[in-house]
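**Student:** So you can see what is in the structure, the chains are spelled out below.
Number of protein chains: 2
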Amino acid sequence: MRMNKRGVLIVFSGPSGSGKGTVLGEYFKSHPEAAFSVSATTRAPRPGEVDGVNYHFVTRERFEEMIRQGEVLEYTRYNGNYYGSPAGPIRKELEAGRDVVLEIEVDGAMQVREKFPEAVLIFVLPPSFGELERRLIGRGTETREQIEGRLSTARRELSLAPRYDYLLLNDKVEEAAARLGEIIRAAKCAPARNETLLQEFLAE
Amino acid sequence: MRMNKRGVLIVFSGPSGSGKGTVLGEYFKSHPEAAFSVSATTRAPRPGEVDGVNYHFVTRERFEEMIRQGEVLEYTRYNGNYYGSPAGPIRKELEAGRDVVLEIEVDGAMQVREKFPEAVLIFVLPPSFGELERRLIGRGTETREQIEGRLSTARRELSLAPRYDYLLLNDKVEEAAARLGEIIRAAKCAPARNETLLQEFLAE
Numbered sequence: 042m043r044m045n046k047r048g049v050l051i052v053f054s055g056p057s058g059s060g061k062g063t064v065l066g067e068y069f070k071s072h073p074e075a076a077f078s079v080s081a082t083t084r085a086p087r088p089g090e091v092d093g094v095n096y097h098f099v100t101r102e103r104f105e106e107m108i109r110q111g112e113v114l115e116y117t118r119y120n121g122n123y124y125g126s127p128a129g130p131i132r133k134e135l136e137a138g139r140d141v142v143l144e145i146e147v148d149g150a151m152q153v154r155e156k157f158p159e160a161v162l163i164f165v166l167p168p169s170f171g172e173l174e175r176r177l178i179g180r181g182t183e184t185r186e187q188i189e190g191r192l193s194t195a196r197r198e199l200s201l202a203p204r205y206d207y208l209l210l211n212d213k214v215e216e217a218a219a220r221l222g223e224i225i226r227a228a229k230c231a232p233a234r235n236e237t238l239l240q241e242f243l244a245e
Numbered sequence: 042m043r044m045n046k047r048g049v050l051i052v053f054s055g056p057s058g059s060g061k062g063t064v065l066g067e068y069f070k071s072h073p074e075a076a077f078s079v080s081a082t083t084r085a086p087r088p089g090e091v092d093g094v095n096y097h098f099v100t101r102e103r104f105e106e107m108i109r110q111g112e113v114l115e116y117t118r119y120n121g122n123y124y125g126s127p128a129g130p131i132r133k134e135l136e137a138g139r140d141v142v143l144e145i146e147v148d149g150a151m152q153v154r155e156k157f158p159e160a161v162l163i164f165v166l167p168p169s170f171g172e173l174e175r176r177l178i179g180r181g182t183e184t185r186e187q188i189e190g191r192l193s194t195a196r197r198e199l200s201l202a203p204r205y206d207y208l209l210l211n212d213k214v215e216e217a218a219a220r221l222g223e224i225i226r227a228a229k230c231a232p233a234r235n236e237t238l239l240q241e242f243l244a245e
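Keeping their order, the protein sequence lines are chains A and B.
Just so you know, the first sequence maps onto residues 42 to 245 in the working numbering.
Just so you know, the second sequence maps onto residues 42 to 245 in the working numbering.
Some hints could be false.
It does not matter which identical chain is used: a pair holds within one copy or between any two.
What the hints assert, rightly or not - DSS-like mimics (lysine-lysine), calculated; alpha carbons at most 30 Å apart, straight line:
1. Lys133 / Lys70
2. Lys156 / Lys46
3. Lys156 / Lys213
4. Lys229 / Lys70
5. Lys46 / Lys133
6. Lys133 / Lys156
By construction, these hints were calculated from the structure, which means they are not laboratory data.
Please take these sequences and the hints and turn them into a complete structure.
**Tutor:** Quick look at the structure:
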């Protein structure tokens with residue numbers, strides 16, 4: 042009898058510039074057994090993007106069928122294209138005992154919370170709002186207006202952070218990745234994720 | 042700006058024979074900065090027990106005054122005596138940024154949950170119910186009837202385990218103590234315990 046044979050679904054969000062991708066990359070280095078959920082999209086592949094790696098590239102008809110059939114755990118429309126997380130592969134990995142990480146926006150995260158209450162929602166915070174701004178400016182790839190847009194989005198995202206299970210302050214990447222591991226292991230100890238264990242105990 | 046300057050109140054429960062005391066002892070070895078809440082009681086000190094170390098020994102009048110004044114975070118009556126957790130010292134330690142561990146029964150834990158919603162409730166599980174029974178018999182200090190009583194109490198306690206935040210399976214003491222540390226660090230990342238941080242972020 043052991044705890045949580047099933048994998049845990051981890052929803053990972055955070056403002057652009059919070060460094061969530063870097064933290065995840067660091068986490069996967071020491072947790073190659075965890076799975077990363079590849080999103081489906083109707084947008085055209087960009088040069089170098091590989092189907093099934095960067096995204097599952099599907100037609101609009103196929104995506105809308107997936108929505109109707111409940112085959113996406115969450116989805117959104119952005120710039121006229123659909124983006125979403127295919128439910129099938131996720132459920133398969135979880136059943137096989139692998140943790141699955143979804144890196145998605147706050148609205149998608151709230152959809153997952155609804156459909157999959159046992160998911161662990163983690164919100165990544167940059168060290169400060171000022172630091173977020175410096176990081177976005179430091180990239181040097183965007184106009185002042187685009188940066189203002191990102192900061193305004195970040196404020197909205199931060200206002201939804203209280204609905205997440207955990208906040209992960211990303212001041213040092215290695216520490217944040219280690220903390221992420223602790224959060225995931227701790228989350229697996231929640232009673233709601235161990236109902237079978239408790240039932241087995243009481244049935245003895 | 043850092044997370045949770047305040048200490049966290051940790052409620053630690055588990056059936057007799059779950060090894061919760063041993064796990065805590067192991068945890069405190071590597072976390073001497075954490076505080077252990079000493080209970081108050083109206084029962085007489087036993088030989089060797091030291092006031093302020095094993096218990097705060099107080100009169101019935103004093104204990105009932107503490108109840109009236111809201112000076113106990115939780116209390117219970119057992120064999121005609123009061124047992125409870127003095128609120129003052131706990132709040133002081135938390136304010137000073139120290140974590141405080143309360144090792145109390147399930148009913149007390151539910152009282153703490155009511156009065157102190159930000160507390161982290163951890164329930165210790167033995168490896169199995171059969172193992173719990175073997176441990177209780179192995180002590181060799183109790184009659185079969187007393188052991189049956191403890192097992193029946195354990196069943197009732199286990200039925201309340203789903204109300205805790207975390208289950209801690211105690212199969213190996215060192216691993217359980219390490220997991221306890223992870224749970225406490227993770228719990229500190231809950232948004233409800235970081236409201237100030239989020240407010241500061243949004244106020245920037």
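**Student:** Go through the numbered hints given earlier and state which of them the structure violates, listing their numbers in rising order.
**Tutor:** Failing hint: just 3.
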